[in-house]
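Participant: From first to last, the protein sequence lines stand for chains A and B. Note that the first sequence covers residues 46 to 338 in my numbering. Note that the second sequence covers residues -8 to 158 in my numbering.
It should be emphasised that the hints constitute simulated quantities derived from the structure, not laboratory data. This structure is a prediction, so every number in the text was calculated from the model and none was measured. The beta-carbon is built from N, C-alpha and C at its ideal position, and this holds for glycine as well. Accuracy of the hints is not assured; some may be wrong.
[Stated by the list, open to error] Simulated DEER-style distance windows between Cβ atoms:
{"no.": "1", "chain 1": "A", "residue 1": "96", "chain 2": "B", "residue 2": "6", "range": "21 to 31 Å"}
{"no.": "2", "chain 1": "A", "residue 1": "275", "chain 2": "B", "residue 2": "30", "range": "41 to 51 Å"}
{"no.": "3", "chain 1": "B", "residue 1": "7", "chain 2": "A", "residue 2": "291", "range": "31 to 41 Å"}
{"no.": "4", "chain 1": "A", "residue 1": "96", "chain 2": "B", "residue 2": "100", "range": "28 to 38 Å"}
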Amino acid sequence: MGLRTVSAAEIREQVIGAIGEICCRPTPETADLLRAALNREKDELARDMLQSILLNHQIAAEEALPLCQDTGLLVVFAELGSELLITGGILPEIISAAAASAWQKFYLRDSIAPDPLRGKTLLPPEAKPGSSAARATSGLPFILHLDQVAGNRLTLHLALKGGGAENCGALQMFNPGASLGEIEDFIVRTVVEAGGKPCPPVFVGVGIGGDFESCAILAKRALLLPPHNEPDLQRMERRLLDRINLRGHGVMGCAGSTTALRVSILTRPCHIASLPVAVNIDCHAHRVTSRVI
Amino acid sequence: MKIHRLSLPLDPSGLTELKTGDKILLSGEVHTARDQAHAKFIDLLNNGEPFPFDLSKTALFYCGPAPVPPGRTSGSLGPTTSYRMDRYTIPLLERGLKVMIGKGERSPEVTAAIKEHGALYLVCVGGISALLARCVVSRETLLWPELGAEAVYKLVLQDLPCYVALL
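Between the sequences and the hints, there should be enough to build the whole structure, so can you do that?
Facilitator: Right under this line is the structure:
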């Protein structure tokens, strides 16, 4: 250990490279899970759809085209070592510049509405934020969750998160007396009732504990992080995956036995009066990667 | 699974052979439209203005395409979630809309209206957008280019793979 420096340019290049990798190629885990789903699938319609998804992986990689036209909202979890000095810029601006370059370089879609109310305000037109003239093909602003950690490295977990799957998430503030069954029912119901909207087979991120907002962040983080080794949580993940696939509507909500490919749970302590549970869903394109700089 | 080749404008007699779950290879001229374009369509109808194209001869493809890389006809494209368009769909069906392409379930009201108007709702697999880009023969920006991905693009398609969800 010891103080290290890293330049803004190096971080920028790493982020551009990471975005380029995930927009056009599935992760090896995603491709394996989808192939396994196809191998065990008996329904003809679901098989046809899964084959299209796997063929799309090939075409997207060969032709350097995005897997999905919804190239998503860039979400970054950054763990910045306290002994790492970044020269030439601050992290939010470095990642913004990288995203702007990547959006141009890889022909990604600008999917950001500068004004979330889209002009549905009582303000006079000239006072409305983000007029349509201000649109740029940048995909900005992005979402950054920045933590300081020990060490002299910068770890980045990145996702391009599509809107259709994001819309199907849910958060519930449970009574601490709620049974595990009630909590699992909520998670299963959230995924099953989403039907075809989030482009199943999906990845399911679950956050349990924390407070209102950290619980939601935990659910998103569960989607981006590599699998953990907590035996109790792993058992719960397998049980939830089985229940979702037993009750779910299958590929694209149409047919077949695979609605979810993986369930990932993260927990953290919470107030004695609280038991927040959040579910965040990602589509089968599941564009996530990590970099350690 | 039955596979049908269909061309737009749709011959209504061809609908009688279709069943839910059948695969369709769809060709012909379609118009992309998602949330913002739909809101503008409804404004046009409410203001009594002429509709910019013949809804009965085309399909509305719920889609906001990705930018087109140089030397290509189309960038990645594919369906967006249809239920967001449900709030606008019934007036468009009343105006002659016959074919919609999207993904996911429709509301009970829209499901009933699709049946009542003899219309067809097709679903595409989402997230196979590099594959679907190969089905685009031509693309032009027809309306509201300032909306970017939410503009209305006129696409000519060849054999777009989709499935019968409602009819």
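Participant: For each hint, tell me whether it holds in the structure or not.
Facilitator: A quick look at each hint next to the structure:
Between residue 96 (chain A) and residue 6 (chain B) the beta carbon distance is about 27 Å. The supplied range of 21 to 31 Å therefore holds. Separation of residue 275 (chain A) from residue 30 (chain B) is about 46 Å and conforms to the stated range, judged on CB atoms against 41 to 51 Å. In this structure the hint that residue 7 (chain B) and residue 291 (chain A) lie 31 to 41 Å apart at CB holds, the actual value being about 36 Å. Separation of residue 96 (chain A) from residue 100 (chain B) is about 34 Å and conforms to the stated range, judged on CB atoms against 28 to 38 Å.
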